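Visitor: In order, the protein sequence lines correspond to chains A and B.
For the first sequence, my numbering assigns the number 1 to the initial residue and increments by one for each residue that follows.
For the second sequence, my numbering assigns the number 173 to the initial residue and increments by one for each residue that follows.
Hint data in this document are derived by calculation from the structure and do not stem from the laboratory.
These numbers were taken from a predicted model, which means no experiment stands behind them.
Treat the hints with caution; some may be incorrect.
[As the list claims (entries may be wrong)] Facing chain B, from chain A, some residues (calculated, C-beta under 8 Å):
(1) 16
(2) 25
(3) 29
(4) 35
(5) 44
(6) 65
(7) 73
(8) 93
(9) 96
(10) 146
(11) 147
(12) 148
(13) 153
(14) 160
(15) 161
Don't be surprised by glycine CBs; every beta carbon is placed ideally from N, CA and C.
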Amino acid sequence: MNPLSLFLYVLRAALLSTGGLGNVSSLHDSFIPRGWATNGQFVEALTVGQLSPGPNGLWVVSLGYLMLGPWGSLAALIGILIPPLLVIGVERLYSRVQHHPAVEGFLRGLNLAVVGVFVPVLFKLLQGSGIDGFKLTLVAVAFGLGWIRRLPVAVILTLCALVGVMAPRFAR
Amino acid sequence: MRRGKSDGLSLLLLFRVWLGIGIQSFGGGTTTMTLIRRNAVDIHGWISDEQFNRDWALCQMTPGINLIALTVLVGRQAAGLRGAAICLAGLLLPSAFLTALITAGFVQIRDLPSVQGALRGVLPATVGLGLMTACQMAHLPLQSSQKRGVWQLVFALALLFGSGAALWSGKASVVEVLLIAGAVGAIENLLAARLWPERETDPE
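From just these sequences and the hints, can you work out the full model?
Guide: Here is the structure:
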């Protein structure tokens, strides 16, 4: 693993997804089986990405740092920067082909699949350290708190972190 | 609208505005989108309300981080391609630097028992928030399928769960699943357009 291949994997994952977290699944799929990153590093990077300023998609910068240090974070940043620049081309092209059924259908299928593969990846993240009632409860609580949109994500993460610190007997 | 105006003063202003947006945006993309809208439409009038909506729709279809694509479009509208580059620098450089810095700090304290405890709470929270993001991401495509009839909705749900199951079975990689789902979607839509031409007109 070197910064160049990290850049290429990040670029490919970002090209095939939209949104800052759409690339979690491909990267997890590419890095975990090869032993280039751990489940723990994914969780750490996703958390830092939520807590630090800027778009959530910058979680990849944190992952790059955890994997390869500063050069890793730079490689990851360039990798996520390039695909959105295509918007200028998309703008031109889209006015011509937007009503072509194949284009419409492809984008819809892709978007649905991005969500579909995200859920098993999340489950694998959770499974990595063993699943118990304590964790499932926190999953549900975070989901519910996020759903009602009253609390900022950083507050939800902090609350759950405090629960983790204070309940060492339940959390293993 | 001040299209193409790109003297030093307005470039500096652009940089300052986007620096503020980058630093102020924590968590969800919707917050940042609202911040960009308030600055670009309401405060500075770089872009009209209508165009902002159109641009945001385009960004959802562009690969990668939608907020970066939106920044490119709004920045270009405000001050040409140079403006777009300035806005990107303001949005990303400080926040990416801080992200790397926070990660570096985290690596130093990762082995403390209290940090380990915190992570045990944060892991399920990340998964829960991720599930919520998945629901939000699914909402738009499912809604547009529903508008096209109940069978379209059933098809969309089949693609959604089918791709999840395909990955879970371990027989296909994520990239393969994504490409196959796109191809299946394209073929289905082509067939639907042939068989029921009246449905072809999509109400946006």
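Visitor: Taking the numbered hints from earlier one at a time, note which ones the structure violates and give those numbers from smallest to largest.
Guide: Checked against the structure, the hints that fail are numbers 4, 8, 9 and 12, while the rest are satisfied.
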